[in-house]
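For the protein sequence lines, the chains are A and B, in the order given.
Numbering follows my numbering, in which position 45 of the first sequence is assigned residue number 45; successive positions increment by one, without gaps.
Numbering follows my numbering, in which position 196 of the second sequence is assigned residue number 196; successive positions increment by one, without gaps.
None of these hints come from the bench; they were simulated from the model.
We put the CB at the ideal spot given by N, CA and C, even for glycine.
Treat the hints with care, since some could be wrong.
To be verified - Covered, in the sense of this in silico footprint (three residues per stretch, anywhere, with C-beta under 8 Å from a C-beta of chain A), are these stretches of chain B:
| id | segment |
| --- | --- |
| 1 | 25-38 |
| 2 | 51-65 |
| 3 | 124-138 |
| 4 | 168-178 |
| 5 | 189-197 |
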Amino acid sequence: MKLHVHLSPNWVLDTDMREYRPADEVDFCIVGTGAGGGVLAQRLASFGFSVVALEAGPWHDSETDMVSDEAGSGPLFWDELRITGGTDPLDFGANNSGRGVGGSTVHYAAFCPRLHPSDFRVRSLDGVAVDWPISYDDLEPYYERMEREYPVSGPAHFPWGRPHGYPYAPIQAGTAGQMLLKGCDALGIQAVAGGPVAIPAGRVGQRPHCIMRGFCLLGCKVGAKSSTLVSHIPDAIADGAEIRTGALAHEIPVDAAGRVTGVRYYRTRSDGRRIEEVQRARAVIVAGYAVETPRLLLESASARFPDGLANSSGTVGRFLMAQAGPVVWGRFPGPIRQYKAPPACATTEEFYETDPANDFVRGYALQTVSPLPIAMAHLISGEDGGFGEDLVRAMREYNHYAAIGVLGEILPAETNTVTLHPTEKDRFGLPAPYARFSLGDNDRRMMAAGVDRATAVLQAAGATEVHAVDRYAHLVGTARMGITPDDSVVDRWCRSWDVPNLLVCDGSVLPTQGSANPALTISALAARTADWLRRAVPAGALAHRPAGPAAVEV
Amino acid sequence: MTGDRYPEADALAQRGHWDDATRRVILDRVYNVPDFRHFDDHARATLEALCARVIPQDHRPPARRVPIAPWIDERCDSTDIGGTRFDDMPDERMAWGLGLRGLDETALILRSASFVELDATGQDAVLLAVRAGQPAGRIWREMPAGRWWIHIALQAICGIYYSHPTAWDEIGFGGPAYPRGYTALNFGAPEPWEAEEVSG
Numbered sequence: 001m002k003l004h005v006h007l008s009p010n011w012v013l014d015t016d017m018r019e020y021r022p023a024d025e026v027d028f029c030i031v032g033t034g035a036g037g038g039v040l041a042q043r044l045a046s047f048g049f050s051v052v053a054l055e056a057g058p059w060h061d062s063e064t065d066m067v068s069d070e071a072g073s074g075p076l077f078w079d080e081l082r083i084t085g086g087t088d089p090l091d092f093g094a095n096n097s098g099r100g101v102g103g104s105t106v107h108y109a110a111f112c113p114r115l116h117p118s119d120f121r122v123r124s125l126d127g128v129a130v131d132w133p134i135s136y137d138d139l140e141p142y143y144e145r146m147e148r149e150y151p152v153s154g155p156a157h158f159p160w161g162r163p164h165g166y167p168y169a170p171i172q173a174g175t176a177g178q179m180l181l182k183g184c185d186a187l188g189i190q191a192v193a194g195g196p197v198a199i200p201a202g203r204v205g206q207r208p209h210c211i212m213r214g215f216c217l218l219g220c221k222v223g224a225k226s227s228t229l230v231s232h233i234p235d236a237i238a239d240g241a242e243i244r245t246g247a248l249a250h251e252i253p254v255d256a257a258g259r260v261t262g263v264r265y266y267r268t269r270s271d272g273r274r275i276e277e278v279q280r281a282r283a284v285i286v287a288g289y290a291v292e293t294p295r296l297l298l299e300s301a302s303a304r305f306p307d308g309l310a311n312s313s314g315t316v317g318r319f320l321m322a323q324a325g326p327v328v329w330g331r332f333p334g335p336i337r338q339y340k341a342p343p344a345c346a347t348t349e350e351f352y353e354t355d356p357a358n359d360f361v362r363g364y365a366l367q368t369v370s371p372l373p374i375a376m377a378h379l380i381s382g383e384d385g386g387f388g389e390d391l392v393r394a395m396r397e398y399n400h401y402a403a404i405g406v407l408g409e410i411l412p413a414e415t416n417t418v419t420l421h422p423t424e425k426d427r428f429g430l431p432a433p434y435a436r437f438s439l440g441d442n443d444r445r446m447m448a449a450g451v452d453r454a455t456a457v458l459q460a461a462g463a464t465e466v467h468a469v470d471r472y473a474h475l476v477g478t479a480r481m482g483i484t485p486d487d488s489v490v491d492r493w494c495r496s497w498d499v500p501n502l503l504v505c506d507g508s509v510l511p512t513q514g515s516a517n518p519a520l521t522i523s524a525l526a527a528r529t530a531d532w533l534r535r536a537v538p539a540g541a542l543a544h545r546p547a548g549p550a551a552v553e554v
Numbered sequence: 001m002t003g004d005r006y007p008e009a010d011a012l013a014q015r016g017h018w019d020d021a022t023r024r025v026i027l028d029r030v031y032n033v034p035d036f037r038h039f040d041d042h043a044r045a046t047l048e049a050l051c052a053r054v055i056p057q058d059h060r061p062p063a064r065r066v067p068i069a070p071w072i073d074e075r076c077d078s079t080d081i082g083g084t085r086f087d088d089m090p091d092e093r094m095a096w097g098l099g100l101r102g103l104d105e106t107a108l109i110l111r112s113a114s115f116v117e118l119d120a121t122g123q124d125a126v127l128l129a130v131r132a133g134q135p136a137g138r139i140w141r142e143m144p145a146g147r148w149w150i151h152i153a154l155q156a157i158c159g160i161y162y163s164h165p166t167a168w169d170e171i172g173f174g175g176p177a178y179p180r181g182y183t184a185l186n187f188g189a190p191e192p193w194e195a196e197e198v199s200g
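Hey, can you work out the whole structure from these sequences and the hints?
Structure below.
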């Protein structure tokens, strides 16, 4: 198939993409092309496997499909029906998951911090949640690789977690980022600017450098910001992978032996007609993010797996986590013009770790967020429902605001779930996903402390009034990896405990989330899983189920 | 109304510097406002009155006001309403229909007139009751008023108004900056093509 897609103004993905027939039994069918699926497609194709990646959305041509306009960017976002409830219902809004090649990396802010070593051991260290089945050491080499492949800009010395430096120089912070630095400095809080953010401070391949337009959350027309659309997908295609767009997966069929045989999906053809096809595959990797992944597994219930695929533990769809993301904004006497420069440009992780002086465990990061006008109006109107002259007057101060996002660790709770809604259907006639989310006491205390800290930083920088709204970002945890088949969906290689040739590899496998934006961790896990598959498939490891805690490495 | 902070601002005049795809989207928004198709005349008048209280534009001549209600009507006329839906809320189209009738119910109970018949003070009293979450009226016992106010009404009205170049001029946002980008990053400075702020 002939592709002609702009990835930046002067870079066209102009190539013949290999195409498979649905009846061809490929080595891997991957569902999703984001931070997990995009990296897997590139890795597995480069290892010589045959790969088809299904993507529900389209290619977003940077010249014709991405616009430099907030309201016009809707097509980048996953906007299918989702029902939300619980005591603190998540307003998925536009920006929580992506639709199109590259998934949500097309419109993430590109903050790319690593998890800390402590994040993998919160049960041991803090007595909450669970430990991961892997350690920071297992993931560290993959963090290093992903920081080169995305690539990530940032300080030469990043002091938190396990200290490390970044391969590209920091990008320039705008005035809003400088306010975070100024406030932190006044309070004696260490902070960094210019990263870690996946926007290279220089030209990379055919990607030009950043023009400081500040539109990261709405797709990078420049092609400077990293997304798997520009970092890994082109290489995947060059290595023979097929990216099949307009293909919405809705069932993973199994055979009599309990093995998956491929993926059933609805495909919308160019004439608008919808057809149903099954791509046959020797193995399937689900990488649809923390709402669509459990939804697909639950939709794949069968006589053999009546509670949903890979769900013998009952944990599919459980332990849904969002990161706490309260936005705190201050009004400054002088102009800020926060819409300039990438919103992700300054941060501190000084409050990331458990501090015995707090009335909660774990912690939070502070990061710049820099809302564009519509996002700012939604924050202001969302604070207390103000309207009329109050609202218009507050918005007239737009150029005087600097905003800080609190990014905090919400602990996993079994009662925070994604299920199939019993009655509501989406436009495909499929049961809508139903997310229920309620904060715990630790979460509330952490969020309140984060808002207080961000308020203090803004005031120390000179803000004369400060406002805050609770928000949430980054969905993880609904198909978690674990040490035993009893309390988790996948093992430490992201492989289903129940089905020999099924893997899940996206944010949903995270047992806990730390206070780091998850994209880099998801990609690092995907690269690690791909390395394992390279060894494990020829050794016949996908012929049988994982052996459990005592499993020997291939 | 306080004074105009950016009297020289004219984002639309910069259109020659925008890329084609962006220019098409924004000019379409400014010049191709849809006709009303979904709501009947009374609901339309109620919706327009609501929009005028959330974003007062009396200071502008009618031709300079940013149209808001037609876009809400168009959205409700669409057959394909997805997105996030709170489990205690109906779908967005139904929520708009109910909410507009709810404003009338509350207005009749509080002020013995329909919402559009009230003066600005009366309308604001109704909206303040809705915002507070417990307005009088049967409809608001079926649909949480606070949720409707923030997530349906203000979400849509603010989203539409601040997508318009006239609103950008009001707040000093210069509009699309692709492909030229920004070079003035320090001290909140404007680009040469952006309007300076005057004190006010």
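**Prompt:** Three or more residues of the segment 189-197 of chain B near chain A by CB distance under 8 Å?
**Reply:** That given contact holds, which follows from 3 residues of the segment 189-197 of chain B lying within Cβ reach (below 8 Å) of chain A.
**Asked** For the segment 168-178 of chain B, do at least 3 residues have a Cβ located nearer than 8 Å to some Cβ of chain A?
**Response** Answer holds; 8 residues pass the 8 Å Cβ test.
**Item:** Per-stretch coverage check for the segment 51-65 of chain B, three Cβ contacts closer than 8 Å to chain A
**Value:** holds (count 4)
**Asked** Counting residues of the segment 124-138 of chain B whose CB is closer than 8 Å to a CB in chain A, do you get three or more?
**Response** Held - the segment 124-138 of chain B has 3 residues with a Cβ nearer than 8 Å to chain A, which meets the minimum of three.
**Message:** Is the coverage entry for the segment 25-38 of chain B by chain A consistent with the three-residue Cβ rule at 8 Å?
**Reply:** Check passed, 3 qualifying residues.
Going through the hint list in order, the structure satisfies each hint without exception.
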